[in-house]
Amino acid sequence: MSGSNFIRGTLLLTGASFLSKFLGMIYVIPFTNMVGETGMTLYGFAYIPYTILLSISTVGVPLAVSKFVAKYNALGDYYTSMRMFRVGSLIMLATGLIAFVIMYFGSGFLASLSLDQDTQGITIEEVQHVMEMVSFALIIIPSMAIMRGFFQGNQSMGPTAVSQVVEQVVRIAFLLIAVFIVMNMMDGSAYTAIGFATFAAFIGGVASWIVLGVYWRKRRKYIYHSIEQQEKKENIPTKELLKELFRYSGPFVLVGIAIPLYQLIDQFTFSHAMAKIGQAEVSTIAFSAFNVQGHKLVIIPVTIATGLSLALVPAITKSFNEQHWGQVKKQINQSLQIIMFFVLPSVLGLIILADAIYGGLFGIDNLDITGQVFAWYAPMALTFAFFTVTASILQGIEKQKFTLISLAVGVLMKLLVNSILIQQFEAIGAILATLIATLIAVLLNMWQIHKTIDFGYRRFFKLTLLMAIFTTIMSIVILVVKFVLGLFLDVHQSRVDAIIMMIAGVGIGGFVYLYLGYYSTLFEKITGKRIAILDRLMRR
Numbered sequence: 000m001s002g003s004n005f006i007r008g009t010l011l012l013t014g015a016s017f018l019s020k021f022l023g024m025i026y027v028i029p030f031t032n033m034v035g036e037t038g039m040t041l042y043g044f045a046y047i048p049y050t051i052l053l054s055i056s057t058v059g060v061p062l063a064v065s066k067f068v069a070k071y072n073a074l075g076d077y078y079t080s081m082r083m084f085r086v087g088s089l090i091m092l093a094t095g096l097i098a099f100v101i102m103y104f105g106s107g108f109l110a111s112l113s114l115d116q117d118t119q120g121i122t123i124e125e126v127q128h129v130m131e132m133v134s135f136a137l138i139i140i141p142s143m144a145i146m147r148g149f150f151q152g153n154q155s156m157g158p159t160a161v162s163q164v165v166e167q168v169v170r171i172a173f174l175l176i177a178v179f180i181v182m183n184m185m186d187g188s189a190y191t192a193i194g195f196a197t198f199a200a201f202i203g204g205v206a207s208w209i210v211l212g213v214y215w216r217k218r219r220k221y222i223y224h225s226i227e228q229q230e231k232k233e234n235i236p237t238k239e240l241l242k243e244l245f246r247y248s249g250p251f252v253l254v255g256i257a258i259p260l261y262q263l264i265d266q267f268t269f270s271h272a273m274a275k276i277g278q279a280e281v282s283t284i285a286f287s288a289f290n291v292q293g294h295k296l297v298i299i300p301v302t303i304a305t306g307l308s309l310a311l312v313p314a315i316t317k318s319f320n321e322q323h324w325g326q327v328k329k330q331i332n333q334s335l336q337i338i339m340f341f342v343l344p345s346v347l348g349l350i351i352l353a354d355a356i357y358g359g360l361f362g363i364d365n366l367d368i369t370g371q372v373f374a375w376y377a378p379m380a381l382t383f384a385f386f387t388v389t390a391s392i393l394q395g396i397e398k399q400k401f402t403l404i405s406l407a408v409g410v411l412m413k414l415l416v417n418s419i420l421i422q423q424f425e426a427i428g429a430i431l432a433t434l435i436a437t438l439i440a441v442l443l444n445m446w447q448i449h450k451t452i453d454f455g456y457r458r459f460f461k462l463t464l465l466m467a468i469f470t471t472i473m474s475i476v477i478l479v480v481k482f483v484l485g486l487f488l489d490v491h492q493s494r495v496d497a498i499i500m501m502i503a504g505v506g507i508g509g510f511v512y513l514y515l516g517y518y519s520t521l522f523e524k525i526t527g528k529r530i531a532i533l534d535r536l537m538r539r
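Each step along the sequence shown adds one to the number in numbering that gives the first Met the number 0, with nothing skipped, and position 278 is 277.
In short, the hints are calculated from the structure, not lab data.
Label pairs and their calculated CB-CB ranges:
#, residue 1, residue 2, range
1, L442, Q422, 22 to 28 Å
2, L92, E230, 31 to 37 Å
3, F245, Q322, 25 to 31 Å
4, I235, I276, 56 to 62 Å
5, I299, E321, 33 to 39 Å
6, Y223, H323, 37 to 43 Å
7, L403, D453, 22 to 28 Å
8, I299, I235, 41 to 47 Å
9, A314, L18, 23 to 29 Å
Note that this is a predicted model, so its numbers are computed, not measured.
Don't be surprised by glycine CBs; every beta carbon is placed ideally from N, CA and C.
All chains, please: the whole structure from these sequences, using the hints.
As structure tokens, this is what we get:
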């Protein structure tokens with residue numbers, strides 16, 4: 000593949016990945032309006048353990064296969080690449096089946112851990128049912144993911160990009176249509192609707208497999224032709240192939256399960272701890288507000304910032320291997336600054352407009368609870384983003400094993416203090432526990448980066464101070480807008496008022512921050528170059 004085609008393919012994959020994630024966030028809005036907070040909690044109870052089991056069952060193998068195939072293709076050894084693909088496919092089929100068995104037959108146990116007997120609105124049997132429904136997706140998703148990895152290793156990004164978008168579109172369409180039919184046309188229960196909603200993961204997986212199958216039929220003759228033209232075929236022992244594969248795959252899985260692990264701890268402790276302090280009747284509403292809908296909103300700025308920041312990781316790896324230390328430090332600094340530039344103002348905006356944003360998107364029922372919980376959860380965007388990026392930087396500087404230590408320390412801290420803080424501060428306690436745990440993990444990662452390459456954070460803190468000043472100005476503007484509109488709008492009484500407040504606050508606040516960032520040349524300091532499209536828009 001030529002350089003231009005590779006860049007085009009990479010951009011296609013990046014765009015498809017972002018679109019897929021964006022669709023995965025935005026569908027929550029109509030979904031919540033159909034099933035309510037209690038229904039979303041039931042949905043979350045199924046999806047959080049599913050996400051973790053999916054990550055564990057794939058153990059980073061699809062990405063590792065991509066790296067492995069790219070390496071051996073570069074050496075002209077297409078035969079070994081195909082052998083690894085076949086071995087990896089068998090592993091993924093086996094681990095997917097094992098994960099399915101664990102979740103399907105262990106759903107009763109997982110449901111009892113997730114829900115206290117005193118919790119209202121949801122029963123353990125309902126939780127068990129939705130877990131059983133989502134578990135079927137584990138049979139096909141891992142082996143489907145390795146097919147994507149094989150295409151990527153062959154520098155063919157189209158199949159992965161198209162299949163990702165198709166999977167998400169089909170999943171969401173099936174979910175929303177099924178829930179609408181059950182709730183509105185058949186007058187069914189939210190419990191039945193959520194069962195179909197979780198089964199949508201399997202339907203999306205089937206759609207993705209069909210797309211990948213079409214691509215495979217078109218391209219397999221070229222792949223096999225390369226193998227046939229290969230003069231010498233190395234018969235590397237399968238044991239050695241697996242050792243190399245899992246050496247690649249180990250680091251990938253850690254970052255993938257970090258955030259779901261914190262969510263899983265809340266799932267297994269929140270309901271029980273809230274019941275102990277007499278808050279069982281609001282536990283499902285609060286859990287949904289921060290661990291399902293709130294989490295989806297908070298992840299939006301995280302996805303944008305980490306997507307831009309992680310694009311620098313391959314360059315960091317290259318500079319590190321070539322021992323260009325000055326370049327490594329510059330690129331790491333740039334990655335961290337991108338996170339702060341996008342996420343810091345987003346956090347403050349979410350906090351100030353929490354009631355308007357949550358009420359406008361998900362409804363004003365129980366807004367006294369949901370708005371407050373969402374506002375407290377907003378700062379998690381910073382620690383989630385920084386953990387993801389610093390963990391990836393550690394991979395780039397060959398310190399990926401340390402990610403296991405920082406993640407383990409963070410998870411252990413969450414386990415130790417979660418129930419205690421929930422009983423002390425109610426729903427806010429769970430958020431504080433996650434904030435403390437993830438902050439410790441981030442600081443450990445940053446310390447390790449400093450120790451490994453003598454990285455200094457002085458320039459990062461200097462630019463962060465400038466971002467903090469701009470964020471303060473933006474926050475003042477949003478507060479003024481909120482005060483003025485609050486004279487004749489009541490977000491707690493009218494959803495339309497909440498939507499107006501949200502659009503005005505986000506629009507004006509965002510414009511002010513981006514204007515300050517552009518005209519102060521902060522953009523240029525972070526990216527290292529002028530942004531032509533903004534120059535034309537601003538006539539600079």
